[in-house]
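Enquirer: What follows is the residue order along each chain.
There are 2 protein chains.
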Amino acid sequence: MPKQIDHEKRRKQIAEATWRVILERGMEGASARNIAKEAGLSLGALRHYFSTQDELLVFAMKLVQEKVRARINNIAIKDLPPKETVLHILLEIVPTNEETIREMEVWFAFTVYAKHKKDMFDANHDGIYSGMQNLIAYLDECSLLKQNADKDIEAERLYALIDGLALHAMLDPVRVNKDRIKRAIMQHVESICTEKIRETEERNP
Amino acid sequence: MPKQIDHEKRRKQIAEATWRVILERGMEGASARNIAKEAGLSLGALRHYFSTQDELLVFAMKLVQEKVRARINNIAIKDLPPKETVLHILLEIVPTNEETIREMEVWFAFTVYAKHKKDMFDANHDGIYSGMQNLIAYLDECSLLKQNADKDIEAERLYALIDGLALHAMLDPVRVNKDRIKRAIMQHVESICTEKIRETEERNP
Chain H
1 MPKQIDHEKR RKQIAEATWR VILERGMEGA SARNIAKEAG LSLGALRHYF
51 STQDELLVFA MKLVQEKVRA RINNIAIKDL PPKETVLHIL LEIVPTNEET
101 IREMEVWFAF TVYAKHKKDM FDANHDGIYS GMQNLIAYLD ECSLLKQNAD
151 KDIEAERLYA LIDGLALHAM LDPVRVNKDR IKRAIMQHVE SICTEKIRET
201 EERNP
Chain S
1 MPKQIDHEKR RKQIAEATWR VILERGMEGA SARNIAKEAG LSLGALRHYF
51 STQDELLVFA MKLVQEKVRA RINNIAIKDL PPKETVLHIL LEIVPTNEET
101 IREMEVWFAF TVYAKHKKDM FDANHDGIYS GMQNLIAYLD ECSLLKQNAD
151 KDIEAERLYA LIDGLALHAM LDPVRVNKDR IKRAIMQHVE SICTEKIRET
201 EERNP
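For the protein sequence lines, the chains are H and S, in the order given. Residue numbers for the first sequence follow UniProt numbering, so the first one is 1 and each next one is one higher. Residue numbers for the second sequence follow UniProt numbering, so the first one is 1 and each next one is one higher.
By construction, these hints were calculated from the structure, which means they are not laboratory data. Please note that the accuracy of each hint is not assured.
Copies of the same chain look alike in the list, so a pair counts if it works inside one copy or between any two.
[Unchecked claim] Using 25 Å as the maximum straight-line C-alpha spacing, the simulated DSS-like pairs for lysine-lysine come out as follows:
#, residue 1, residue 2
1, K151, K178
2, K178, K115
3, K178, K37
4, K78, K37
5, K9, K78
6, K9, K83
7, K182, K37
8, K12, K83
9, K78, K178
10, K67, K78
11, K146, K12
12, K62, K151
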């Protein structure tokens, strides 16, 4: 294997070891020593791949973002009807299975941690808010959004709903399960979209 | 001052010192040593008031809950029109000033921390979800809720909106300011309530 690729692969393995340590011990347990042990490396070898603790943490978090982005791109290229596309993307952002709930848990732990580390990593701007603005604009372009809607506030409301559901899925996965998340998101999207004249269409085909 | 009251007052002072330490250093900095120093006590004196670190943390968090509950009770006794009462209570839960944003920050840090401490403190059930169920039921009793609403999902959706806004107010207080939170909440409450004009039209077509 070329050396460059091997280096990047090893960095990803260390990032995944970091996630496991954070999940088990919280950010307060995510020391270089614990991460090296989990990755099966010496402390010196770890330093070869990441010269500082913060560099490692930022890399591990960017990898979570990339995974979410890849899942969203997979939906976008599916060419579903507009409202279906929006629903599927929203359902991809809110964690609904064990793997994505764990990702979210790592993400929240890191976000709270990063509050105390100025200039470390801008967890506020994780791209989800601008994503919500794009979805609202997309619904509007497709003439699906209610005509009197305040698009600015609708994006804020959708963003709050999505992150609130994500938070609750993490804290209380038994109640806030996949089915319940789906119903809440569908109910929300329906409420901001124009009411279909489906009944009329069905009566007068 | 009677000894019992003095004891309780001192415990509250220690809890407030704990909040300050968490805000400045995060949960990973909330050691007994740091908290004792912030409270101006010896480690031995601190142990007199709280025998374990977890006992102190749980007490400090319950005090945050009590402060929120007291603010909500103050609104409930004001005897405003139903929809106004609901709006005011929701605006009281989402932090909109420096003091309440700091409370929320401590609360989130603690919630993430408590995920790794089984049976420590049930941060999932902080009373906000059942509060949302009550508000939806109250709007329904006052015939303000849309008649075809799924009350169960509406409570979940309102809960997600409120906690999502709270999270964003903490992470990005410049964008998610008081005015913006108010507009999002008002827009949401209006969207789940009956439209008065339409009601009249339906009655007198």
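Enquirer: For every hint, state whether the structure bears it out.
Expert: Going down the list of hints, with the structure as the test:
no., hint, verdict
1, K151 - K178, "between (27 Å within a copy, 18 Å between copies)"
2, K178 - K115, "between (30 Å within a copy, 20 Å between copies)"
3, K178 - K37, "neither (35 Å within a copy, 46 Å between copies)"
4, K78 - K37, "neither (41 Å within a copy, 58 Å between copies)"
5, K9 - K78, "neither (29 Å within a copy, 61 Å between copies)"
6, K9 - K83, "neither (38 Å within a copy, 56 Å between copies)"
7, K182 - K37, "neither (39 Å within a copy, 48 Å between copies)"
8, K12 - K83, "neither (35 Å within a copy, 52 Å between copies)"
9, K78 - K178, "within (22 Å within a copy, 39 Å between copies)"
10, K67 - K78, "within (18 Å within a copy, 49 Å between copies)"
11, K146 - K12, "neither (44 Å within a copy, 50 Å between copies)"
12, K62 - K151, "neither (29 Å within a copy, 38 Å between copies)"
Of the numbered hints given earlier, the model fails hints 3, 4, 5, 6, 7, 8, 11, 12; all others are met.
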